[in-house]
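> The chain contents come next:
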Amino acid sequence: MLELKNVTKIFNGGTCNEKVALNDLSLTLNDGDFVTVIGGNGAGKSTVLNAIAGVWKPDTGKILIDGEDVTNMPEHKRAKYLGRVFQDPRLGTAGNMNIDENLALAARRGKRRGLGWGITKKEREHYRELLAELNLGLESRITTKIGVLSGGQRQAVTLLMASLQQPKLLLLDEHTAALDPKTAAKVLELTDRIVRENKLTALMVTHNMRDAIAYGNRLIMMHNGRIILDISGEDKKQLTVELLLKQFNVAAGETFDNDRALLTD
Amino acid sequence: MLNSLLNAFPGSVAQGLIWGLMAIGVFITYKILDIADLTVDGSICTGGAVCAVMMINGCNVWISMFVAFLAGMLAGLATGVFHVFMGIPPILAGILTQLSLYSVNLKIMSGANVSLSVRNYDLLVSLQYLKGVPFYCNTLLVVALILAAVIGVLYWFFGTEIGCGIRATGCNAAMSKAQGINTDRNKIIALMMSNGIVAFSGALLTQYQGFADVNMGRGAVVIGLAAIIIGEALFGKLLKNNFALKLLQVGLGGIVYYIVYQAVIMLGTEPDMMKMYSALVVAIFLAIPYLKERYFKKNVASKGESHA
Chain A
1 MLELKNVTKI
11 FNGGTCNEKV
21 ALNDLSLTLN
31 DGDFVTVIGG
41 NGAGKSTVLN
51 AIAGVWKPDT
61 GKILIDGEDV
71 TNMPEHKRAK
81 YLGRVFQDPR
91 LGTAGNMNID
101 ENLALAARRG
111 KRRGLGWGIT
121 KKEREHYREL
131 LAELNLGLES
141 RITTKIGVLS
151 GGQRQAVTLL
161 MASLQQPKLL
171 LLDEHTAALD
181 PKTAAKVLEL
191 TDRIVRENKL
201 TALMVTHNMR
211 DAIAYGNRLI
221 MMHNGRIILD
231 ISGEDKKQLT
241 VELLLKQFNV
251 AAGETFDNDR
261 ALLTD
Chain B
1001 MLNSLLNAFP
1011 GSVAQGLIWG
1021 LMAIGVFITY
1031 KILDIADLTV
1041 DGSICTGGAV
1051 CAVMMINGCN
1061 VWISMFVAFL
1071 AGMLAGLATG
1081 VFHVFMGIPP
1091 ILAGILTQLS
1101 LYSVNLKIMS
1111 GANVSLSVRN
1121 YDLLVSLQYL
1131 KGVPFYCNTL
1141 LVVALILAAV
1151 IGVLYWFFGT
1161 EIGCGIRATG
1171 CNAAMSKAQG
1181 INTDRNKIIA
1191 LMMSNGIVAF
1201 SGALLTQYQG
1211 FADVNMGRGA
1221 VVIGLAAIII
1231 GEALFGKLLK
1241 NNFALKLLQV
1251 GLGGIVYYIV
1261 YQAVIMLGTE
1271 PDMMKMYSAL
1281 VVAIFLAIPY
1291 LKERYFKKNV
1301 ASKGESHA
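Which chain is which? The protein sequence lines are A and B, in order.
Per the working numbering, the first sequence starts with residue 1, numbered consecutively.
Per the working numbering, the second sequence starts with residue 1001, numbered consecutively.
The set of hints was computed from the structure by calculation and includes no laboratory data.
Heads up, a few of these hints could be off.
[Unchecked claim] Below 30 Å or equal to it, Euclidean Cα-Cα: the simulated DSBU-like pairs (lysine-lysine) are:
{"no.": "1", "chain 1": "A", "residue 1": "K80", "chain 2": "B", "residue 2": "K1107"}
{"no.": "2", "chain 1": "A", "residue 1": "K122", "chain 2": "A", "residue 2": "K168"}
{"no.": "3", "chain 1": "A", "residue 1": "K122", "chain 2": "A", "residue 2": "K77"}
{"no.": "4", "chain 1": "A", "residue 1": "K62", "chain 2": "A", "residue 2": "K77"}
{"no.": "5", "chain 1": "B", "residue 1": "K1237", "chain 2": "A", "residue 2": "K145"}
{"no.": "6", "chain 1": "A", "residue 1": "K77", "chain 2": "B", "residue 2": "K1031"}
{"no.": "7", "chain 1": "A", "residue 1": "K111", "chain 2": "B", "residue 2": "K1031"}
{"no.": "8", "chain 1": "A", "residue 1": "K199", "chain 2": "A", "residue 2": "K182"}
{"no.": "9", "chain 1": "A", "residue 1": "K5", "chain 2": "A", "residue 2": "K80"}
{"no.": "10", "chain 1": "A", "residue 1": "K111", "chain 2": "A", "residue 2": "K168"}
{"no.": "11", "chain 1": "A", "residue 1": "K19", "chain 2": "A", "residue 2": "K57"}
{"no.": "12", "chain 1": "B", "residue 1": "K1031", "chain 2": "A", "residue 2": "K145"}
{"no.": "13", "chain 1": "A", "residue 1": "K145", "chain 2": "A", "residue 2": "K122"}
{"no.": "14", "chain 1": "A", "residue 1": "K145", "chain 2": "B", "residue 2": "K1292"}
{"no.": "15", "chain 1": "A", "residue 1": "K122", "chain 2": "A", "residue 2": "K62"}
{"no.": "16", "chain 1": "A", "residue 1": "K145", "chain 2": "B", "residue 2": "K1297"}
{"no.": "17", "chain 1": "A", "residue 1": "K57", "chain 2": "A", "residue 2": "K5"}
{"no.": "18", "chain 1": "B", "residue 1": "K1031", "chain 2": "B", "residue 2": "K1297"}
{"no.": "19", "chain 1": "A", "residue 1": "K57", "chain 2": "A", "residue 2": "K168"}
{"no.": "20", "chain 1": "A", "residue 1": "K145", "chain 2": "A", "residue 2": "K111"}
{"no.": "21", "chain 1": "A", "residue 1": "K57", "chain 2": "A", "residue 2": "K111"}
{"no.": "22", "chain 1": "A", "residue 1": "K57", "chain 2": "A", "residue 2": "K199"}
{"no.": "23", "chain 1": "A", "residue 1": "K121", "chain 2": "B", "residue 2": "K1292"}
{"no.": "24", "chain 1": "A", "residue 1": "K121", "chain 2": "A", "residue 2": "K62"}
{"no.": "25", "chain 1": "A", "residue 1": "K80", "chain 2": "A", "residue 2": "K121"}
{"no.": "26", "chain 1": "B", "residue 1": "K1031", "chain 2": "B", "residue 2": "K1237"}
{"no.": "27", "chain 1": "A", "residue 1": "K121", "chain 2": "B", "residue 2": "K1237"}
[To be verified] Listed below are several chain B residues computed to face chain A (Cβ distance under 7 Å; list not exhaustive):
{"no.": "28", "residue": "I1162"}
{"no.": "29", "residue": "A1173"}
{"no.": "30", "residue": "M1175"}
{"no.": "31", "residue": "K1177"}
{"no.": "32", "residue": "Q1179"}
{"no.": "33", "residue": "G1180"}
{"no.": "34", "residue": "N1182"}
Glycine included, each C-beta is placed from N, C-alpha and C at the ideal position.
Full structure from sequences and hints, please.
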C-alpha cells in the first residue's frame, strides 16, 4: 500500500543546526493497517508524515503509494491519495469559510475544480446528515464560520473532511494533542470509528502511549529518525506501557525522553 | 463653500465609484488572498495608458477598455510569476512589477502623459457627462452599472469551485494543499483578476479626467485600502457576511473617501499634502486592531477577582 524506501531527510544541512530527521528509514504498510507511531521528542514522527504528504522532498529515498512513485509529486497532487488531520486544529480547516464550504472543498479533493458551483444544495443536505452523526450539534450551524468552533469540533470536522473522499491513506499527526483529555478521547473514538467504517489504512502519530497501545493493529516506535520497534498482531495486543518502555530502553540503549508521553495518562 | 461642495458632489461620487471599482481589485488580493499587492500603483496607469492610446488610434471604447483589462492581467501575471515561481515575497514582487510598469507605461504613451479629450473621442464616461446628457449616458449611472456588473461577476466567480479554492488558498495554504488545491495557480489567477480590474478602472479614470499620466497611480493601493477600511467601518455592521454586499461596501467606501477628500480640499487644505493625510488615515485604521489588543484590552481574570 505505502512503501518508504531508504528515506533520508536532513534539515539545515551543513550548519550548526544540522538535524538528521529521517535516517535511511524504510517502512511498508499493508492495506487496512492502522498503525500508531510513537517516539521521543524529535524522533521524526511528524517528519515521516510530512514526507508522505509531500510537504518537502526527501534528500534520498523513494515513496510509493499503491506502487506509484510519488517522491517528486507536488503536495497538492498527492493529496488525492491522502486524508490529513493536523496537530493544530486551526491548520486543518479554512477558518474564514463556513462549515459546509470546508466540507465541499474536501469533497473535491483529487477532482478537477472548474466553474461549477463550489457547493450545491444537494451536497449541503448530505453534509447536514454527516454532521448529525458526529453528535456535536453542528448540523444546525452548517453556515457558521468554522473559525468560531472549538478545537475538538474543528478536529471532528477535519476528520470528516479527510474521509469524505475515501483516501488511500489517512495521516493523523498528533491530532488530539491540542485537545483537553475528554475531548481528545472523543475525537480518538471518532477516529477509530471512521477508520473501521471506511476500512481505511491509517498512520497515527500520538504522544500518548496508552492510546498507541489501545488503538490500531500495529505500533511503530521511532528514535533519531529510525524505526526501532515494529510490533503487530498478538504481540501488539499483549503490550503494556511498562513493556513498551522496557523494549524501548533495549532497542535505543537509552531511556525514553518524551516528557509529554510519560506525563499523560 | 457648501454650495461649491454640492456642485462638486456628482463629480466626487463618480470619481469615488471609479476608485471604488479599483478598491474591489485591491480587495481581491488584500482581503481574499491576504497579500498586499503593490502592483496596482502601476497597473492602474497601464490600464489608462492602453485605453487612451488605443482610442487615439481609432479603436472602439469597449475594445480599448477590454485590452486595458488584459494588460492589467499581464501585470498581475508578472507579479504572480515573481512571487510563485521565483520565491520573491509578495510585497517585493509587487514593487518590482510596479517599477517595471513605470517604464512600460512611458513606452505605451511615448511620453509622460497623453490627453484623451471628450470632444475628439467617443468616450463612455467623462467629467462632461455628469449633466446635460440623456440619463443613460450619465457617467454616474454608467459607472454604477459597471460596478454592479463587476460585483455580480465576482460574486458568481468566488462561489465556483475555482473561486472557493482561491478563498481557501488565502485563508489557509497548508489546508488547501492538503485538499488538493493548487495554491500556486490560484495565487496567480487572483493576482491577474485583481490587476485586470484595477487596470479597467484606470481606463475609466483616464476617460473621466480626459488624460492618462504616468503618475496617476501613485498611492492607488493606499486609496484602495482606505476604501476597504472606510467601507468596513461605516457599513460593516449593516451589510454583514454576504460576499456581494462586502464588495458593495468597498465601492461605497470609495465614494465616501472621495467626498471627504473633496471636502477637505475645499476647506483649504493644500492638495500637495493629501497623499500624506491619506496615508496617515490608513495607518491609523490599520493600527486600530493592534492598539486595541495592546493598550485597551481588559484583563478579564483580574476583573473577575475584584468582583469576588
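> The structure should be examined with respect to each hint, and the outcome stated for every one.
Consistency of the hints with the structure:
Of the supplied pair hints, the one linking K80/A and K1107/B is violated, its CA atoms being roughly 47 Å apart against a limit of 30 Å. Our distance criterion of 30 Å between C-alpha atoms is met by K122/A and K168/A, whose separation comes to about 26 Å. Simply put, K122/A and K77/A have alpha-carbon atoms about 27 Å apart, close enough for the 30 Å limit, and the pair holds. Between K62/A and K77/A the alpha-carbon distance is near 17 Å, which keeps this suggested pair within the 30 Å criterion.
The suggested pairing of K1237/B with K145/A holds, with an alpha-carbon distance near 17 Å, which does not exceed 30 Å. Our distance criterion of 30 Å between C-alpha atoms is met by K77/A and K1031/B, whose separation comes to about 26 Å. Taking the CA atoms of K111/A and K1031/B, the gap is about 27 Å. The hint holds against a cut of 30 Å. For the proposed pair K199/A and K182/A, the alpha carbon gap of about 26 Å is at most 30 Å, so the pair holds.
Simply put, K5/A and K80/A have alpha-carbon atoms about 21 Å apart, close enough for the 30 Å limit, and the pair holds. Between K111/A and K168/A, the direct Cα distance comes to roughly 15 Å. Compliance with the 30 Å bound is thereby established for this hinted pair. Using a Cα cut-off of 30 Å, the hinted pair K19/A and K57/A holds, with the two alpha carbons roughly 16 Å apart. Simply put, K1031/B and K145/A have alpha-carbon atoms about 16 Å apart, close enough for the 30 Å limit, and the pair holds.
Simply put, K145/A and K122/A have alpha-carbon atoms about 20 Å apart, close enough for the 30 Å limit, and the pair holds. Between K145/A and K1292/B the alpha-carbon distance is near 23 Å, which keeps this suggested pair within the 30 Å criterion. Restraint check for K122/A and K62/A: not satisfied, since their Cα atoms lie roughly 41 Å apart, outside the 30 Å limit. Annotation: proposed proximity of K145/A to K1297/B holds, straight-line Cα distance about 24 Å (limit 30 Å).
A hinted pair counts as satisfied when its Cα atoms are at most 30 Å apart, and K57/A with K5/A qualifies at roughly 13 Å. Taken as a hint, the K1031/B and K1297/B pair is honoured in the structure, with Cα atoms around 25 Å apart against an allowance of 30 Å. Proposed proximity of K57/A and K168/A is supported: the alpha carbons are some 20 Å apart, at most 30 Å. For the proposed pair K145/A and K111/A, the alpha carbon gap of about 24 Å is at most 30 Å, so the pair holds.
The suggested pairing of K57/A with K111/A holds, with an alpha-carbon distance near 23 Å, which does not exceed 30 Å. The hinted pair formed by K57/A and K199/A meets the criterion: a straight-line CA distance of about 29 Å does not exceed 30 Å. Annotation: proposed proximity of K121/A to K1292/B is violated, straight-line Cα distance about 40 Å (limit 30 Å). The suggested pairing of K121/A with K62/A is violated, with an alpha-carbon distance near 42 Å, which exceeds 30 Å.
At roughly 24 Å between alpha-carbon atoms, K80/A and K121/A fall within 30 Å of each other, so this suggested pair holds. Annotation: proposed proximity of K1031/B to K1237/B holds, straight-line Cα distance about 17 Å (limit 30 Å). Restraint check for K121/A and K1237/B: satisfied, since their Cα atoms lie roughly 28 Å apart, inside the 30 Å limit. Interface restraint check for I1162/B: the shortest CB-CB distance to chain A comes to about 5 Å, inside 7 Å, so the restraint holds.
Annotation: A1173/B was flagged as interfacial toward chain A, and the flag is violated, the nearest CB pair being 10 Å apart, outside 7 Å. Interface restraint check for M1175/B: the shortest CB-CB distance to chain A comes to about 6 Å, inside 7 Å, so the restraint holds. With a least beta-carbon distance of about 5 Å to chain A, the hint placing K1177/B at the interface is held under the 7 Å criterion. Hint status for Q1179/B: holds, given a least beta-carbon distance of 5 Å to chain A, under 7 Å.
A distance limit of 7 Å between C-beta atoms decides the matter here; for G1180/B the minimum to chain A is near 4 Å, and the interface restraint holds. Given the 7 Å rule on beta carbons, the hint for N1182/B holds: about 5 Å separates it from the nearest Cβ of chain A.
In this structure, the hints that do not hold are numbers 1, 15, 23, 24, 29, in rising order.
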